[in-house]
Amino acid sequence: MNKNGIFVQTALRCFIVAVCSELLFRLFSFATVFDMGLIRITLFSAAYALIAACICSLLPLKAGKTLSFILNWFLPVYAVFQLGYNGLMGHYISLKSAGQGTKVGDYIEPFMNCLRPEWFLLFVSPLLTGLFTLKTKAEREGQRFGLAMFLVMALLVNSIGVYTVHAAQLDSLYNDPAYIAKGFQEFGLGRYLIRDMTSGFRNTQEIAIEENVEEAEPSEDPQIRKIDDTAWIAARDAEQDETIKTIDSYLMNRPSTNFNEMTGVFEGKNFVYLLVESLDYMAFDEQLTPTLCKLMREGWNFSNHYTPRYTCTTGDSGFITEVDLIPDITICTENDFKDNAWPNGIFQQFANAGYSTSAFHNWWDEYYERRTYYANEGCQVYKNYDDLPIQTLTGWQSDLELMELSVPEFINQDKFMTAIITSAMHYPYEKYSVLGTRYLDEINEVHPDYPDAVKSYLSKCMDFDAAMKYLLDELEAAGKLEDTVIMFFNDHHPFELDEQTIADYSFTDFDRMEDLNIDRGQFIIYNAGQPAQEFTGVNSTFDILPTMLNLFNISYDPRLYMGADYFSSKEKVVYMPEGDWITDMGIYFMGSGEFKGREPEQGYKEAISKEIQNMLNISKMIFKSDYFKNRQFITTPKYENAAPAVEARRQAQAAAEERIEEITEGTE
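Start counting the sequence shown at 0; every next residue gets the next number (numbering that gives the first Met the number 0).
For the record, the hints were derived by calculation from the structure and aren't laboratory data. It is possible that some hints are incorrect.
Said to hold, decoys possible - Pairs of lysine to any residue residues, derived as SDA-like cross-links and limited to a Cα-Cα distance of at most 20 Å, are as follows:
no., residue 1, residue 2
1, Lys-623, Glu-368
2, Lys-181, Ile-586
3, Lys-95, Asn-112
4, Lys-181, Thr-41
5, Lys-479, Pro-407
6, Lys-268, Ile-223
7, Lys-382, Glu-408
8, Lys-64, Ile-107
9, Lys-225, Asn-259
10, Lys-64, Phe-149
11, Lys-268, Glu-605
12, Lys-609, Gln-168
13, Lys-569, Lys-64
14, Lys-337, Gln-379
15, Lys-181, Ile-607
16, Lys-225, Ser-554
17, Lys-637, Met-251
18, Lys-430, Met-88
19, Lys-569, Ile-223
20, Lys-268, Lys-430
21, Lys-95, Val-76
22, Lys-569, Ile-611
23, Lys-468, Lys-430
24, Lys-414, Tyr-438
25, Lys-414, Glu-475
26, Lys-595, Thr-582
27, Lys-414, Ala-374
28, Lys-61, Met-148
29, Lys-414, Glu-368
30, Lys-337, Glu-368
To be verified - If you anchor each label on the Cβ, the simulated ranges turn out as follows:
no., residue 1, residue 2, range
31, Thr-507, Pro-388, 48 to 56 Å
32, Glu-266, Gln-601, 39 to 47 Å
33, Asp-497, Tyr-431, 41 to 49 Å
34, Ala-606, Val-7, 48 to 56 Å
35, Gln-601, Gln-650, 41 to 49 Å
36, Met-35, Gln-379, 50 to 58 Å
37, Ile-193, Lys-293, 48 to 56 Å
38, Ala-233, Gln-532, 42 to 50 Å
39, Lys-623, Pro-447, 27 to 35 Å
40, Glu-117, Glu-610, 37 to 45 Å
Here a beta-carbon is modelled for each residue, glycine too, at the ideal position from N, C-alpha and C.
Taking the hints into account, I'd like the entire structure generated from these sequences.
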């Protein structure tokens, strides 16, 4: 039997397996293999192999062989897990948010269904190198001097790799791997994993703040939202915490938005907010879901709306519309910072305006700790599966039942703002569920040739459609339909259904498989007293909160929110979790640097990318410092002027009431 030292065996095995794993992962994930990033990844792989071999050589022989075996299989298994998770959830996952991996544990079958046969080629290299080492006998090296030399060599190779990072101007991403896919592409699986695990020990936020050197002259334009920053400036100048001070300066220097003709259109009306699980274009069928189609057809349809998929998908989509900051893709933001104060949140803002606030959900807080962070956002009443007598069903609970139980809780209040978080349309679609089979007879009459999984999804959609009909009927019976605004949006497209199936059964006038269209979703506002309108400008989940605050004329400071009121003149930007972004000008793909759309002005792409990075960094700083706990007074500013559109409506209403009174007196 041949004899090789454990150093040689481990170094060769780790290097071969690492390079093969990186090559295959790049091919499967990015459809590319050979670029400058591959040179950097090869250098990092060599450094990793040498360091791993040194460590194994220093351990007792049995322990060294065991560690060598684990290292041989770890990277391929990690690669397959990331590919599968991306296939299931639509994004990669950081180890810092590994708690969300329980989703895979709870839904192992759909996770396994996402695995493609070719991905298992990743296991060939560890298998072959393992078989090779079975024919050789490993022995410990006795020369520590040789190991020290190899360790120095590893550090040298690693330094060259780090130099290429600097040369490619990737220092920011390397120091703070906020974009997972880009990190994999530029640094490789192994190096990204190391940087991800150690990023919490580095202070990496670099915020570019443009100080207003010249104070602008006071404007007489009545549309300008005038906010007095005197108290805020004083607090900033007296602040000892540099992080808080940095946040103060950044937010204070952000451009605000003005009043507009839509300010206060819904002032004083009730508000029902719905976060709809897995809602998609597929759900809108005139014969099967007539209520949904009515709401889209007769309401305000924001038809170019995007729902970015962050790490905690449903939770993050909701959290964005509640506090309007950019989630950290490496963690489950709303859970990690659930104890933060959110006086700027949607519930507290409406509570400040005299609304009774509440929220209802037909599952318990298994994934997202809503009871805690809703309370900190100003939600006065929260009831979920633990509080409501909801029937437990196989494959998620009924939204119709949720509506039947929750509507009586708020409909008789004088002025209510309530959030309803649904679950009926959640997968599984590939296997049995109660709601997935409840309406199959009706579906088979209309679409007998549809795949079973699509039928299951549509059956679940019909339950939600019935829930919305119940809501409309109850509001009308209570005489509150015209005085209530219903807003609903999707959290993400239906997971488990493959993207091609979603595209085939969406029946949209755009290709769901093109660009980032798989993440185009629904944002619909319905009020029986308003005419139907379609708004075609680009917008996203980030724009929902400031848009609704403006429509209800709630006192807020636009500078505190990362999105923008849709009806303002400020450019709307869709921030995707991996660094891509979309505006009305076009789409920017961070991975390739390609811009697809109208030719922008010089510096346009760089300016938006820089501002998004700043907003991401400032959001992290706000989360970690619990910023609004120290700055609650800035979240409900007192305007120095009133919105002209609001004043005009109030005067018109007063005149109408006066005219009615005159007519009434004349008939007596």
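With the threshold set at 20 Å, check whether the alpha-carbon distance from Lys-414 to Ala-374 stays at or below it.
19 Å, holds
Could you see if the CB distance from Thr-507 to Pro-388 stays within 48 to 56 Å?
39 Å, violated
For the pair supplied as a hint, Lys-95 and Asn-112, is the alpha-carbon distance within the 20 Å limit?
With Cα atoms ~25 Å apart, Lys-95 and Asn-112 exceed 20 Å; violated.
Starting from Lys-95, check that the Cα of Val-76 is at most 20 Å away, please.
OK: Lys-95 and Val-76 at ~18 Å, within 20 Å.
Holds or violated: are the alpha carbons of Lys-268 and Lys-430 at most 20 Å from each other?
Roughly 42 Å between the alpha carbons, so the hint for Lys-268 and Lys-430 is violated.
For the pair we were handed, Lys-430 and Met-88, check the Cα-Cα distance against 20 Å.
18 Å, holds
Hinted pair Lys-64 and Phe-149, Cα distance within 20 Å
19 Å, holds
Is the hinted range of 37 to 45 Å satisfied by the C-beta distance from Glu-117 to Glu-610?
Cβ of Glu-117 to Cβ of Glu-610: about 39 Å, so the range 37 to 45 Å holds.
Verify the proposed pairing of Lys-337 with Gln-379, using a straight-line Cα cut of 20 Å.
The given pair, whose Cα atoms are some 16 Å apart, holds under the 20 Å limit.
CA of Lys-268 to CA of Ile-223, is that 20 Å or under?
Distance of about 24 Å is beyond 20 Å: violated.
Hint check: Lys-414 vs Glu-368, CA-CA at most 20 Å. Holds or violated?
27 Å, violated
Straight-line Cα separation of Lys-181 and Ile-586 no greater than 20 Å?
17 Å, holds
Hint compliance for this structure: hints 3, 6, 8, 11, 13, 20, 23, 24, 28, 29, 31, 33, 39 are broken, all remaining hints hold.
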